[in-house]
Amino acid sequence: MWSVLHRRQFAIIAGLMQTVFILLFAKYVKYIDPLDDSRRVYSGTDYPLFQDVHLMIFVGFGFLMAFLKRYGFSAVSVNLLLSAFVIQFAMLLRGFLTVAFNETGLFSIGIPEMISAESSCAAVLITMGVLLGRLTPVQFLLLAFFETLLNVVVEHFVFNYLHVNDSGRSLSVHTFGAYFGLAAALVGHKKNVMEMDEHGGIHHSDLFSMIGTLLLWVFFPSFNAAIQEPEDARHRAIMNTYLAMASSTVTTFMISSCVDDLGRFNMIHIQSSTLAGGVAIGSAANAVLYPYHAVIVGVVSAILSVIGHAWISPRLERTFHLFDTCGVHNLHGMPGILAGLLSIGFAYFYEPESYGKTLYHIYPYWVGGELNGDRDNVSQAQYQAIGLVVILVTAIIGGLLTGCILKIKVWNQVDDPDFPHGEMNYYAQSDVNFLSKYKHAQEQQRLREREQMHEIY
Amino acid sequence: MWSVLHRRQFAIIAGLMQTVFILLFAKYVKYIDPLDDSRRVYSGTDYPLFQDVHLMIFVGFGFLMAFLKRYGFSAVSVNLLLSAFVIQFAMLLRGFLTVAFNETGLFSIGIPEMISAESSCAAVLITMGVLLGRLTPVQFLLLAFFETLLNVVVEHFVFNYLHVNDSGRSLSVHTFGAYFGLAAALVGHKKNVMEMDEHGGIHHSDLFSMIGTLLLWVFFPSFNAAIQEPEDARHRAIMNTYLAMASSTVTTFMISSCVDDLGRFNMIHIQSSTLAGGVAIGSAANAVLYPYHAVIVGVVSAILSVIGHAWISPRLERTFHLFDTCGVHNLHGMPGILAGLLSIGFAYFYEPESYGKTLYHIYPYWVGGELNGDRDNVSQAQYQAIGLVVILVTAIIGGLLTGCILKIKVWNQVDDPDFPHGEMNYYAQSDVNFLSKYKHAQEQQRLREREQMHEIY
Amino acid sequence: MWSVLHRRQFAIIAGLMQTVFILLFAKYVKYIDPLDDSRRVYSGTDYPLFQDVHLMIFVGFGFLMAFLKRYGFSAVSVNLLLSAFVIQFAMLLRGFLTVAFNETGLFSIGIPEMISAESSCAAVLITMGVLLGRLTPVQFLLLAFFETLLNVVVEHFVFNYLHVNDSGRSLSVHTFGAYFGLAAALVGHKKNVMEMDEHGGIHHSDLFSMIGTLLLWVFFPSFNAAIQEPEDARHRAIMNTYLAMASSTVTTFMISSCVDDLGRFNMIHIQSSTLAGGVAIGSAANAVLYPYHAVIVGVVSAILSVIGHAWISPRLERTFHLFDTCGVHNLHGMPGILAGLLSIGFAYFYEPESYGKTLYHIYPYWVGGELNGDRDNVSQAQYQAIGLVVILVTAIIGGLLTGCILKIKVWNQVDDPDFPHGEMNYYAQSDVNFLSKYKHAQEQQRLREREQMHEIY
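Chains as they are written, first to last, in the UniProt record's numbering: chain A, 1 to 457; chain B, 1 to 457; chain C, 1 to 457.
Watch out, some of these pointers could steer you wrong.
If chains are identical, the list can't say which one is meant, so a pair holds when it fits in one copy or spans any two.
[As the list claims (entries may be wrong)] Here are the simulated SDA-like cross-link-like pairs (lysine to any residue), alpha carbons at most 25 Å apart as the crow flies:
no.: 1; residue 1: K409; residue 2: Y28
no.: 2; residue 1: K357; residue 2: L316
no.: 3; residue 1: K30; residue 2: I227
no.: 4; residue 1: K27; residue 2: W311
no.: 5; residue 1: K30; residue 2: L92
no.: 6; residue 1: K409; residue 2: N160
no.: 7; residue 1: K409; residue 2: V390
no.: 8; residue 1: K27; residue 2: F96
Read the hints as simulated data drawn from the structure, not as lab findings. In this text, all values refer to a predicted model and were calculated from it rather than measured experimentally.
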């Protein structure tokens with residue numbers, strides 16, 4: 001009985017949640033009315049940007065995490081599962097927080113809601129990167145549930161109450177996801193998967209991982225620009241991200257060869273620090289006015305990220321037994337905090353006149369706008385700082401709590417290979433839990449042979 | 001002489017066909033006249049959607065079929081060959097069926113014609129998935145020729161005479177391609193490639209296959225929406241597909257772990273059933289009005305597809321010796337029929353007023369439109385049913401005939417490895433038939449050495 | 001001291017250049033002023049096309065070169081490094097040549113400047129394809145510096161002084177990059193990497209390479225159309241490239257099986273000659289008026305390219321010891337020259353009236369346009385020929401000079417494995433120089449153990 005519950009746990013929980021989703025979609029969600037012209041139905045520029053983000057989430061993040069030999073397939077698959085789960089859940093949650101839902105009891109969804117839903121996936125996938133190889137699929141599903149719940153609520157508070165500018169969601173996605181995961185890892189899951197996995201990253205796995213890195217690299221400008229309007233804010237978000245990524249890539253190679261005694265390039269740095277520029281520029285990507293500021297942000301973030309990989313992560317492992325499978329802290333965590341700090345500085349130092357009317361899109365509560373706000377550069381900078389603190393605190397508390405919940409013995413757990421263990425559960429999260437095509441064919445073949453034997457005798 | 005013909009058969013047939021294409025293009029095809037404003041020359045929203053479909057056809061389908069160890073390279077390459085062949089052929093065929101050609105003896109091509117040509121590729125590639133590993137390149141080329149010929153004519157009849165709504169072409173592409181291939185496989189080609197291929201799908205091949213799965217997953221909304229207009233129909237096609245795929249993915253993981261005794265996830269399911277939602281919503285993607293309908297369609301299609309993999313396919317193999325290399329029946333066949341059935345139901349039950357003026361884009365022969373049609377919800381539903389039957393019948397008859405033609409001994413055949421065979425033809429369809437770069441370098445090296453020897457002596 | 005300089009050489013040079021970039025960006029570069037409406041800020045159609053090109057450069061070219069077993073990771077990584085370097089450098093160089101910079105001492109950048117910068121990357125990556133496996137990262141960086149410098153200046157001269165039509169940049173990118181690389185290879189670097197690398201291209205590497213090929217294949221129409229306007233010129237560029245690639249692919253398979261004694265398909269041809277159509281149509285992609293012309297161009301270019309692989313490259317290797325690792329001469333070199341010749345023919349033979357007002361976008365110096373030009377079809381054809389000669393001559397001279405510079409012993413060199421060599425420098429360009437994740441984890445583990453030992457004793 002107990003063992004059946006263990007084996008069917010995933011199916012039960014996933015089935016339950018999907019059923020609830022159907023009921024909620026049926027009761028509260030509608031498409032935009034084609035007869036009503038008050039809302040932009042579809043924009044030629046929004047859907048291509050959505051598709052760029054879509055590729056990042058489903059292919060980019062998936063393959064980025066495929067570098068562990070024994071977890072390659074499971075990384076890509078669990079990535080797909082969690083994303084498909086979160087896009088439904090996040091759409092529902094965000095809808096419940098809209099004005100339209102408060103007023104009419106219904107809310108409508110469209111391309112912009114799809115883009116927001118995908119960004120919630122990113123937060124969960126970043127957290128997954130910290131814990132990769134140490135949770136079972138059922139634990140990952142629960143993690144996605146709790147994290148998305150908290151993330152959407154916190155984001156709503158930071159965006160719509162604190163009116164913080166976080167254009168590329170470096171705070172609400174990158175910083176939140178990273179520290180949520182690190183806090184969850186601190187509670188339990190104290191294992192180094194790289195050591196367990198003797199033949200860890202091998203040649204081809206590293207190439208698969210590069211597919212992920214490069215897709216994220218290529219589409220990062222779209223990620224930071226997707227929800228921006230009007231045109232000049234979107235244009236700046238694209239250009240700033242582009243320049244920051246270019247300079248952070250050159251700098252990554254430079255610093256990577258510096259920190260190695262033999263001057264070699266470290267693949268970990270190439271696969272993650274090259275992306276740090278996009279994270280660090282994220283929060284203020286729509287606001288940065290001078291190209292060279294973006295270039296400098298890229299350089300600084302890459303230095304920070306490589307130093308994190310080389311010196312900070314090993315220290316965290318030794319001192320706090322805090323293992324971070326994909327080095328998320330150095331790619332999303334610290335560059336995310338840098339993004340928050342930069343967004344304070346840019347709000348404070350730039351001349352607000354430079355933005356023209358776009359000012360009220362970037363900082364909606366600035367004095368003189370439609371919301372009758374009262375912000376100037378000092379108070380906006382203060383609120384940017386409050387936003388960063390709120391994100392950090394909620395992510396860490398949420399991560400600690402979720403980590404505790406996931407440790408409850410009722411959920412399937414990854415057994416420690418050094419302890420006696422049940423056959424089924426061992427490596428439950430690794431590729432052994434995924435039935436390969438060839439093995440499936442073998443089993444089918446054996447089944448058929450047994451049946452034929454039966455016919456003969 | 002005979003053996004030369006066998007070796008050069010592919011070159012002769014391909015050369016002949018390409019020559020005919022050139023002549024036909026020269027005589028009948030023109031570009032849109034830039035001085036004539038009557039036709040939309042280029043739309044900012046069409047080309048990005050075309051590129052999404054383009055990626056699906058050439059990269060998505062190619063890598064989806066790359067999971068067999070010995071056929072990995074050949075799957076991707078033959079995919080490229082057939083697609084490049086079909087886009088030219090389908091453009092010509094469709095042009096010959098246009099009103100403009102009937103009136104002027106010339107027809108013009110543009111972005112929409114490119115999108116339609118790519119969808120014809122999809123039908124051929126789905127059929128290829130059934131027969132993968134059991135046909136030689138020359139047989140695949142002939143298959144593509146016959147199938148495209150029939151497919152374009154049938155599609156023309158179903159779309160322009162029966163006025164059936166098949167927005168994502170689930171009937172004319174997915175259902176047609178699947179049953180055409182299954183019928184062709186029934187005639188001959190009774191072999192299980194998975195068993196022949198001892199080291200079948202291995203770790204990395206499964207990851208390559210996931211590249212294909214994920215690209216198809218990501219761009220399926222574009223496939224179902226590419227030829228839709230106006231904006232609200234395209235918007236619904238995108239959103240419905242998106243939601244159906246999300247729910248079908250979560251359901252696939254759920255059911256996959258249910259049908260396995262140990263609760264494992266089956267990679268075959270993950271690589272194909274996650275896509276079933278996009279196929280099943282396809283025919284009516286522009287018509288479904290409520291988000292939760294799309295979510296339910298996704299759930300049902302995934303259940304159907306996983307059950308197909310787990311119980312129906314093995315039975316077909318044992319009872320009819322019907323082998324389906326890529327499990328096409330469960331991904332495109334049954335979900336395609338489901339799409340047809342759903343398109344009947346949606347035509348019947350939805351209030352036509354809900355669509356506003358878009359009604360005549362979705363059901364062009366509805367009473368009151370420009371075509372002076374006489375349809376109401378009953379008669380449109382009847383025609384949707386007739387469309388499904390026409391597609392199924394023509395696909396099966398066409399597949400059987402093509403299967404017979406391909407069995408003619410004059411074409412290069414894949415020899416049975418258990419029988420005595422000529423050196424050349426064995427594994428003629430596998431990667432052995434593709435000269436790898438390294439082997440090529442070796443042969444060049446040996447050639448050079450022999451030449452040098454010659455110089456010396 | 002000397003050895004430290006050798007180990008830190010890359011970091012010093014890269015750091016220096018990135019610092020200079022920051023200073024130049026700070027002093028001379030600005031974004032478009034959002035308050036100024038005189039320039040198109042952002043266009044819905046430009047950014048998606050940019051993203052297609054972006055994917056080609058960073059993922060397409062990278063994986064195309066990943067077929068060598070020992071250089072797979074380094075090919076993808078150095079591709080990333082050089083591209084990130086060149087996009088900054090090319091943006092600056094092009095800016096210094098603008099009218100705006102001459103007049104105001106400042107220049108502004110936007111999406112079109114990003115597209116141009118990416119095309120400069122393509123030239124460098126093509127050159128890298130010739131020399132792959134024979135240069136160290138530091139040499140590649142210097143190569144990128146000198147080649148970009150020359151390429152941007154020559155392109156400026158050919159485009160803005162000679163007013164040559166080179167829409168897909170087949171002359172300024174493909175031809176220039178190929179012959180620059182071949183000239184550099186002629187000076188030194190006389191090694192055949194394929195022979196050195198015993199286990200050269202293997203199964204999976206060929207599949208990775210196909211990712212590159214297919215991405216380039218899919219997005220080639222975008223590459224040739226990205227900088228075209230108005231709509232009808234862009235439309236023609238897309239359609240012509242599409243048709244030329246389809247026919248060149250079918251022809252590649254045909255000729256490839258012809259030139260092999262056993263009728264096999266050669267993977268080298270599939271991975272490169274299928275793309276030749278896009279290169280050969282490139283220069284005149286916006287000008288070709290009849291679809292069948294594009295189809296014929298595709299056929300001819302594929303024949304040329306396969307013959308190049310089969311007979312010309314081996315002869316170049318034997319006679320001139322000119323090794324071309326990726327067969328760039330057959331993909332970019334000869335088809336590039338063909339593109340130049342075709343652009344002469346199309347300028348001469350087509351009726352200029354057919355283009356309507358677009359004529360002055362295609363040939364800006366034609367008589368009657370805004371520039372008060374004096375060209376007719378004869379003189380335009382002459383200038384197209386002059387453009388081809390200028391590109392070829394400057395590429396070859398520049399390549400020879402750069403080859404000489406790179407041979408200077410002060411730079412890190414790839415040692416000949418047959419000669420005695422220092423530990424560090426051997427295979428300095430291969431994957432050995434890239435510290436893999438697993439090896440990194442091992443080193444970290446050993447470090448930790450040593451520290452613990454220290455604590456104990």
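| query | From the Cα coordinates, with 25 Å as the cut-off, is the pair K30 and L92 best called within, between, both, or neither? | reply | within (11 Å within a copy, 42 Å between copies)
| message | As a check of your reading, is K27 near F96 (CA-CA no more than 25 Å) within one copy, between copies, both or neither? | response | within (12 Å within a copy, 49 Å between copies)
| said: Reference check for the pair K409 and Y28, CA-CA at most 25 Å: within, between, both, or neither? | reply: neither (36 Å within a copy, 62 Å between copies)
| message | At most 25 Å between CA atoms: does that hold for K30 and I227 within a copy, between copies, both, or neither? | response | both (21 Å within a copy, 23 Å between copies)
| request: Go through the copies and call it for K409 and N160: within, between, both or neither, with a Cα cutoff of 25 Å. | output: Neither. Shortest intra-copy (38 Å) and inter-copy (61 Å) distances fail the 25 Å Cα cut-off.
| Alpha-carbon proximity between K357 and L316, which holds within one copy, between copies, both or neither at 25 Å | Neither way: K357 and L316 sit 46 Å apart in one copy and 62 Å across, limit 25 Å.
| field | Homomeric proximity label, K27 with W311: Cα distance no greater than 25 Å | value | neither (52 Å within a copy, 35 Å between copies)
| query | Using 25 Å as the alpha-carbon threshold, which applies to K409 and V390: within, between, both, or neither? | reply | neither (31 Å within a copy, 56 Å between copies)
Hint compliance for this structure: hints 1, 2, 4, 6 and 7 are not met, and every other hint is.
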